[in-house]
Amino acid sequence: MSSLSLARATLLKDLRMEWRSKDAINSMLFFSLLVVVIFSFAFNPTAEESRLIVGGLIWVAFLFAAVVALNQTWARELRNQVLDAYRVSPAPANALFVAKVLGNFLFVVVLEALMAPLFVVFYQLRSVGPVWQLVIIALLGTWALVVNGTFFAALSIRTRNREIMLPLILFPISIPALLAMVDSTTAVLTGESSPDFWMKLLVVYDVIFTAVCLLLFESVLNAE
Amino acid sequence: MKPFSIAFIVLTLGLLAFSTYQALFVAPTEQTMGEVQRIFYYHVPSAWVAGVCFFVNFLASIAYIVKRNEKADALAAASAEVGVVFCTIVLLTGPIWARPVWGIWWTWDARLTTTLVLWLIYVSYLIVRRFAAGSQTQILAAVIGIFGFVDVPIVYMSIRWFRTQHPSPVMAGGENSGLDPAMLHVFFWNLLAFTCVGIIFIGLRYRLQTMEDTLEAEHAQLALEGGSQ
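Protein chains in written order, with my numbering: chain A, 1 to 224; chain B, 1 to 229.
Be careful, since some hints might not be right.
[Said to hold, decoys possible] Taking beta-carbon pairs under 8 Å as the criterion, some of the chain B residues facing chain A (in silico):
1. I65
2. L120
3. I127
4. A132
5. Q136
6. I139
7. L140
8. V143
9. I146
10. F147
11. D151
12. I154
13. V155
[As the list claims (entries may be wrong)] Derived CB-CB ranges, DEER-like:
14. A9/A with T214/B: 41 to 51 Å
15. G103/B with A42/A: 25 to 35 Å
16. V101/B with P117/A: 42 to 52 Å
Quick caveat, the hints were computed from the structure, so don't treat them as lab data.
Please read all numbers here as calculations on a predicted model, not as lab measurements.
Beta carbons: idealized from backbone N, C-alpha and C, even for Gly.
Next up, chain A with everything else stripped away, as it sits in the complex:
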């Protein structure tokens, strides 16, 4: 099997399992809903204020929700020794990684699409800048979170305190990406500054870390 068909097979399997169980998307949705509600109690913002803070809230909510889903991606494969089987097979490791990243990317993007209207309603949000820029920021930012998240989830599943490990590694490394997401979102929402620099930074971050992940994933998968 070529890498491409292998990645496609894994991706389709994950999507089918998710479609039937809806485990990841349901837990992410409910989790980020809780975050939105709790934040609105904590800040109780007016429409003007919410424009300034919602960039931060949105991404913190998505980051926490993504961690919930990311922790489940590899646990499923570990249960029936699927990962061990994968390791002894001649299949290229990166095909598996790319499939997992694409799957998680799709889940988180669907989550964002479902949650965005809720933010608009709860925080009386109206963007001053062009909305299409927000879509690009969301896609770039989600990729940054998911590519590193999937990688570190594969890594943290090998440690003793699995589920706690992921945020401990992912958050420090993701700080520049988070900063870029929050500030570019705020820049577009308020329309006061240009999000260009931050969007470029996100592209750079995405390219660099996608490359590093692809380079090192085989070592992590085969770690003995």
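Please build the complex by placing chain B on the supplied structure of chain A, with the hints as guidance.
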């Protein structure tokens, strides 16, 4: 311990005493900041040592991934730990200096924030080393060492975009930069002393790590032999 190492440690202790004396008594008092500026002779050399440690960690991590050499891993572990210690010193001496000079303990400026993020990344590295299971520790740690170091320039770039309060590099900065020659002299003595201290710490920690590895291997061997009887 080899006689050479002992001689090096004794020499470094002497050097440290000398450079401390230089920093506290010989160096001229700074005009605007006064005596508190003397913390500079500890703050900057510590930052230098921390930076070198993290770089060594990065190189050792790559070496481990490529060659699977146990010694490279021991060096990576040692340098990360020593680096975190010196980075902590930087993060503690910085606010002590900033409070009387800037009037604030902390500001979210480019270099302060980068140092803090650096510290966070390498603390997470140490946590992974602690919690990874058995023989997987080394490879997982090496991977984080590489990720962490790659992240640093991106962090610096992103936070630079904000505002900067920290002074730009005093040496080789611009037209009006540059230390008084008497201060520069003292500074280099301290830089040398701190670098030697860093080397000793890494050396000792490295020795400890290789001993731990050997001990662990022997325990595993014993358990195997015991199991077969």
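Now for the hints, and whether the structure bears them out:
no.	hint	result
1	I65	holds (6 Å)
2	L120	holds (4 Å)
3	I127	holds (6 Å)
4	A132	holds (5 Å)
5	Q136	holds (4 Å)
6	I139	holds (4 Å)
7	L140	holds (5 Å)
8	V143	holds (5 Å)
9	I146	holds (7 Å)
10	F147	holds (6 Å)
11	D151	holds (5 Å)
12	I154	holds (5 Å)
13	V155	holds (5 Å)
14	A9/A with T214/B: 41 to 51 Å	holds (45 Å)
15	G103/B with A42/A: 25 to 35 Å	holds (30 Å)
16	V101/B with P117/A: 42 to 52 Å	holds (50 Å)
Checked against the numbered hints above, the structure violates none of them.
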